[in-house]
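Quick one: dock chain against chain with the hints and give me the complex.
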Amino acid sequence: MCDLGGAGRDGRIFIMDDVKEKESTEQFGPEIVFENVTKEYPNGVRALDNVSFRVAPGEFAFLMGHSGSGKSSLIKLLMLEERPTSGRISVGNIDLGSVRSSGVPYYRRLVGIVFQDFRIISSMTVFENVAFALEMLGQSRKEIEKQVLAALDLVGLLEKRNEKPDCLSGGEQQRVAIARAVVNLPGLLIADEPTGNLDMENSVEIMKILQKINKMGATVIVATHEREIVAEIGQRVIELNHGVRLLGDE
Amino acid sequence: MKKLRVMLYVLLQSLKNVARNLFMVFASVIVVFFVLLVVGSFIEAGVVTSNIIGQVKERPVLKINFRYYVDEETAMQYYEAIAASPEVKHATYISKQQNFENMLKEFEDNREYFENLDKSGKLKYASIEVQLRNYADGKAFVNGIMDEAGDVIDSAPNIFGVVEKMERAQFWINICTIAAVIVMTALSLLLIFNTVKLTVLARHREIEIMKYVGATNTYIITPFVIEGILTGLIGAVAAFFALGGIYDAVFRLLLSFSEDANIVPLTFEQSGATGILAFYLLFGAFTGFIASILAARKYIKV
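Protein chains in written order, with the numbering used here: chain W, 1 to 250; chain D, 251 to 552.
By construction, these hints were calculated from the structure, which means they are not laboratory data.
Any given hint could turn out to be false.
[To be verified] Under the rule of at most 27 Å between Cα atoms (straight-line distance), these lysine-lysine pairs were calculated in the DSS-like manner: (1) W:Lys146 with D:Lys266; (2) W:Lys164 with D:Lys548; (3) D:Lys374 with D:Lys355; (4) W:Lys76 with D:Lys548.
[What the hints assert, rightly or not] Facing chain W, a subset of chain D residues (Cβ under 10 Å, in silico): (5) Lys252; (6) Arg255; (7) Lys461.
Beta carbons: idealized from backbone N, C-alpha and C, even for Gly.
Okay, chain D solo, but in the shape it has when bound (with noise of 0.2 Å):
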């Protein structure tokens, strides 16, 4: 029991020290939240470019669009062509009309616009959609239709060129993440160090005269390492929303591109958001309980 009560004590008086110390609290809170965010994104931005490149990979598929004067006739002659091919696993034609009313859906609240600029007939053309066989083939079977039929063919998204480039780009991602890991904790540490030094200055005679009426070691450092926790995880909880926040709003803007890439991104939750979270409170409470230890060591001279 009376052990019980010297912990509620002693979480009373920590958080009397993070009523006390406010200002400072919260600018410790501000650095982890913005340390998270931007470690969190570099690990989103990783977790997603990794997820659309494994896509891709799994289902290599690209939508070859002609120009609208190749009339369905031709259309179908590549079409078949393509589909023959051995690198080709499988293929749909997708005609005029069809591609037309797919915009139109896409459009519907300019449906009358679209229908009306549609009398110039340039918004309509036929497309394939080519699943592949292998991933690897991508690259060399765009080009190659390019070549070949560059003429009637208006566009052939190269995502298989675009990937290459997300590979690159993903070695680089994952240096950032590991860099900024390592700048963001130290600049953590070194807040929440200062926050906690601060608290253990401004309350240096009541700590003198804890020691003289015999308190132990434990008894006056804790409240100063629950301070220290306590900002780091409610940096960690706020910077966790905010990720999904701004996630979100990415998420909605890469759905808009993704229908022509073919590439379905990753909501909050499926990019791991629970792994996030984790990370986050452990990253908070241990930067917090570190930096907050090593001040009241320092400082406190027990």
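Pulled out of the complex, with its shape left as it was, chain W reads as follows (with noise of 0.2 Å):
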């Protein structure tokens, strides 16, 4: 099992019992870091060009960049679904070149993603869409009802816990898939275009959330190209352009 160093008890950013409302003042998420990461694939498409950045343990920060300009990939490898050409890439006290194939599994249980288009089953209710993501942990039907509960109370969606996707709107599908995000309580969360889908009034109440769930103590991510949004929240920004760092002060 891969250790989070930088993510402190068990690598995880909060303790359920103490997630209703109670914001931690502590940082518990991870620390990222980027030294001269070079991805190029096998067409020769350089997405990224010796890009570095460092994002602090339970810091909110927005990757920003048009289409194209690498974020995609730059998640890919925070997620190991690729590996980079060359340079360093470090999650807490975790150096993603060497979490061996087997061991990537493991390595994503510390890791929340939310993605553009939800990605929830039509076929579970919202309530089993989240829990599915414990039950492959073996845990006990009461600690998933707990967690679940939980997570779902974090989103505002406990009274539609029995619903199935269909019936939400967009904003709460989106929700539904942060739920099963935090579920597993990750020291890391990256969402990945999360209001691509949405109008300003549901992406702002998702930035909320997440901004939530960053107090609570995760590092959290956010890849975006609205410029809107960032300007509202006001957070750090990471910029990329074709593969290339622009700005983003530590």
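See below:
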């Protein structure tokens, strides 16, 4: 099992007993470090070119850039879907280059991810969609129920736990995806264009939830190209352009 | 405890897979069923042929029937000559009346009809049951008898010639069995592979999410493998019972011929049903396992 050294207790951002509106003052999220990272695909496309940055433990950072700027490649590297061509990436005290294929699932249990297209299962209820992430860990029914209800409470969907996703609005479906991403109590939450399919009102709502999770101690990285959202939230920005980092003060 | 819960969850997912994909699973089960039925039929044909050949070789017996007009005295003379032959180990004379009684016993329901028919006397004939010392002498012995006494002998079924043909047939049965196992195994693999492939494609979103939330490869693949194994096993069990039913029907048919040939065929149990069941279950589980693991590894891309 991988250990997120910078992530504190169990590598988790919070203990579910503390979840209900109790914002942590401690930073349990891991530090993220990119050092001269280059990613070149076999077809010759260079998605990232010598990118370096650092995200502090428990920080909230936007990853900005237009389509093709390298945001998705950067997230794939963080999720260990891809490996860098050169350079070093670390999450907490884990050097991602040292994580073997067999260790990837265990690493991913310490990272929550949210996508633009929600990726929730339409045949399952809201509760089942969130519980899904815990069932494979062999947790007891009681533990699963406790954690799922806490996660749904966090995103404001407790009342809709028995609904099917088709009955939910886009914003609500994205909140289900966030609940699933955090139900396993990860230290790092990555959101890839989480508001891409939502209107402004829902987008702001989603961002508030992500900020709430960040305030509980998680390191949060949000990839987006929506400048209005970034301006509204007002957090640190790491900007990419054609695979090169433009700005992003530390 | 956690591992047990994970195993139960995986098993439940496998059963859900089967339920969701019932039509394709059913199609695969049908293929495995027919595949094993064909293979099983060849195997049983081989076992029965081998048994009959073995029985005839071990106890070479034939029945010589005289023509109805041959009187008992003449028949007895032939009996004495045959019994004295060096090839003969043992001979039994069966009188006309005894033969007729046996026939009446066999056709008990139509006893009256045969008794009336017997007024012509054509239904009463004497017989000799001969057991030879060596199976190898059988064919020449029957031919010799027919050459010397063909005018008084109505029939002497040449089981030895039949056995020779059966031995040749057995070779081809074995070839066909091997060919059937190869072709049918490939067919089963292809169908189960396709079923699992469709399940994987239908559940690609779920699989993708599983990967992102940290499911291990084993955890993702296992339900598909169990689905494949279940498909194979269900087809195997169904094929076993069907083969048993068909065998029993053929067994009854063979019994009706066996009296003349003095060959008692095997019941399904005697013909190695336990071995067949073990083979079926192994075949079903193995093809299900291989096909599903190949499909899962190819399409899940874990």
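Hint-by-hint comparison with the structure:
Proximity of Lys146 of chain W to Lys266 of chain D is assessed by CA-CA distance (about 25 Å); at most 27 Å being required, the pair is judged to hold. With a C-alpha separation of about 31 Å, the suggested pair Lys164 of chain W and Lys548 of chain D falls outside the 27 Å cut-off, and the hint is violated. For the given pair, Lys374 of chain D sits about 14 Å from Lys355 of chain D by alpha-carbon distance, which is consistent with the 27 Å threshold. Proximity of Lys76 of chain W to Lys548 of chain D is assessed by CA-CA distance (about 21 Å); at most 27 Å being required, the pair is judged to hold.
At a threshold of 10 Å, the smallest CB-CB gap from Lys252 of chain D to chain W is about 3 Å, leaving the interface hint in force. The criterion of a C-beta within 10 Å of any C-beta in chain W is met by Arg255 of chain D, whose closest approach is roughly 4 Å, and the hint holds. The closest approach between the C-beta of Lys461 of chain D and any C-beta of chain W is roughly 7 Å, which is under the 10 Å cut-off, so the hint is satisfied.
Of the hints listed earlier, the one the structure fails to meet is number 2.
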